[in-house]
Structures are given as structure tokens and as C-alpha cells.
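Engineer: Protein sequence lines, in the order shown, are assigned to chains A and B.
Note that our numbering has the first sequence beginning at 1, numbered continuously upward.
Note that our numbering has the second sequence beginning at 1, numbered continuously upward.
Source of the hints: derived by calculation from the structure; they are not laboratory data.
Do not take every clue at face value.
Straight-line Cα separation of at most 27 Å, BS3-like style, residue types lysine-lysine; simulated pairs [unchecked claim]:
no., chain 1, residue 1, chain 2, residue 2
1, A, K67, B, K113
2, A, K95, B, K113
3, B, K50, B, K26
Simulated DEER-style distance windows between Cβ atoms [unchecked claim]:
no., chain 1, residue 1, chain 2, residue 2, range
4, A, T98, B, E78, 34 to 44 Å
5, A, E10, B, G128, 29 to 39 Å
6, B, H23, A, P42, 47 to 57 Å
Since we're looking at a predicted model, the values are computed, not measured.
Ideal Cβ placement from N, Cα and C applies to all residues, glycine included.
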Amino acid sequence: MKLETATAGEALVVRVEEERIDAACAIQFKDQMREIALAAPPRVILDLAPVRFVDSSGLGAIVAVMKFLAPARQLELSGLTSNVARVFHLTRMDKVFTIHAANAGSGMANGG
Amino acid sequence: MGAETGLKPKERLMRARSAIPIHRFKARIAARPMDVRRLLHEVLVRFQGKIGTSDAGALELVLAEILNNVVEHAYGAERSGDIEVEVALRNGALDCRVVDWGRPLPNDAIPRKPPPDIDVCREQLPEGGWGWTLIRALARDLAYSRSGDTNHLSLVLPLSFE
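Okay, chain A solo, but in the shape it has when bound (with noise of 0.2 Å):
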């Protein structure tokens, strides 16, 4: 799957540029996800403005990510589309991620 990354002060976005993160590809999700983490900063934003659809599995893989990029690195999430919210609602994972409302990434290169 196709995941952009760029960096943005000090942190890296990884931008998801896909439709969907579901059972069907959350295996590949996370295996992609480990590599970019590799070389991170201790700031990584994933930014799921292309993103329509999440389920279960999409949501258990971003969680996994956000496990293994711990402790020395912390994941944020932006974008989130009003389907992809609804997720982390009802599942209460909108408590335990750091989510911005904006396109975190893009807000900090357009603001010079």
C-alpha cells in the first residue's frame, strides 16, 4: 500500500494514501509502518485525511504501531474523516491517541 512519508519540523507524517486500512491489507499496514520506523524521529504524525474506512483491523494494526514505535517514539494521528472518527469513538481509541483536527502535517509547512 502506498504511505508517503515527509517531514515537518521534527516530525515525520506519514501520509496514508489509500482509500481503506482493513483486514485486508492491516498485515501489510504494520509491516510497512515497522520499516518507516526504523529510521523515525521520536514524532511521528499519521495523517489519514485520504483514508475512508477503517475497521477492527485497520484500528488493531494502528494501535500495534503505535506499540512498537514505543517508548522512544510517539504516534499522533490527523486527518481523520468523519467515518474514521467514528471508529476511535465508539471503540473510546479517540482516548488514547493524541489526534489532531487538522492536517497536522500540512498546517506546520503552511505555516512557514
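Keeping the supplied structure of chain A fixed, place chain B upon it in accordance with the hints.
Structural biologist: Leaving out everything else, chain B in the frame of chain A:
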């Protein structure tokens, strides 16, 4: 009718009094993740413009969780088989029915366990187990029955038209 014998009396009654649905989707697929993904897309295309975008998101999520459960647990790695999915729009709600020929649900019942505990340290956060939590949060009238070697699951998804 053989296909009706697995239904509980309440379901049979609900069917008898239901009006003929205006919009219906029915398909049979192989129980594999990519086939599930394709079916979800087809369902959304079928109901596009007839239900709201938020309702469509709820439908996709509920069906995905049910179908993923069938793929991973009813069939699992060592079995293969089909899943039949039927969705009908009637009376401001979506009636959904899923049939498979895999293993029965544990204790022949929809699991009643609470959602995974998230008030734990980060290393112990759950990486799954939310499927039925999400289904229960969005759907009502969940019913499961096992007849012979067949699992029948039905539910109603209320529509907000948002």
C-alpha cells in the same frame, strides 16, 4: 420453504409483515478478505444516493465486521466456503442478513463480552476484539441461529439519513 426453517418466530413474523423492499442487494462471495472488500464496494454502489453518507459508512462498517468474523473465525485458515449477504432497504432501515457454512458461533450465541479494556498501560492495549462492540453500537435486532451446518445472522441498521 427450507431456507425459512432456521428463522426464529419473531423473524418470520417480521418478514411476513414487511412491505416488499424497494431496494435490495443480494450476493454470494467466497469468504476471503479481498472478496469481502469488493462486496462492500458493491453494496455501497447499490445504495448510493438512497441512504446518507453517514448511514453508508455505518453499513460498510457493520457488514465488514460481520464478514471479517466469518472469514477469520467461522472458516479460518483451514477451511474455505461461501458467504451470502442480503441487504434490503425498507421502512427507513436496512435489513441485513448474512449466511455462512462455517463453524457455529461459540455457545451458539452472539458473544456478550464487554469491549476490550483500554484503561491499561500502552503495552497492554488491545489490538482487536472490537468487532461486536462496533456491530452492537450501530445495529439493532441482532439475531443469530444455527440450523444444520448453516449460520444465519440478521440485524437491522436504523438510518439517520445523514
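Engineer: Does each hint hold? Answer for all of them.
Structural biologist: Hint by hint, here is what the structure shows:
The hinted pair formed by K67 (chain A) and K113 (chain B) meets the criterion: a straight-line CA distance of about 24 Å does not exceed 27 Å. For the given pair, K95 (chain A) sits about 21 Å from K113 (chain B) by alpha-carbon distance, which is consistent with the 27 Å threshold. Restraint check for K50 (chain B) and K26 (chain B): the C-alpha separation of about 16 Å stays at or below 27 Å, so the hint holds. As the Cβ distance of T98 (chain A) to E78 (chain B) is approximately 40 Å, the hint placing it in 34 to 44 Å holds.
One distance hint, 29 to 39 Å for the beta-carbon pair E10 (chain A) and G128 (chain B), holds here, with the actual separation near 32 Å. Take H23 (chain B) and P42 (chain A): their Cβ atoms lie about 51 Å apart, and the range 47 to 57 Å holds.
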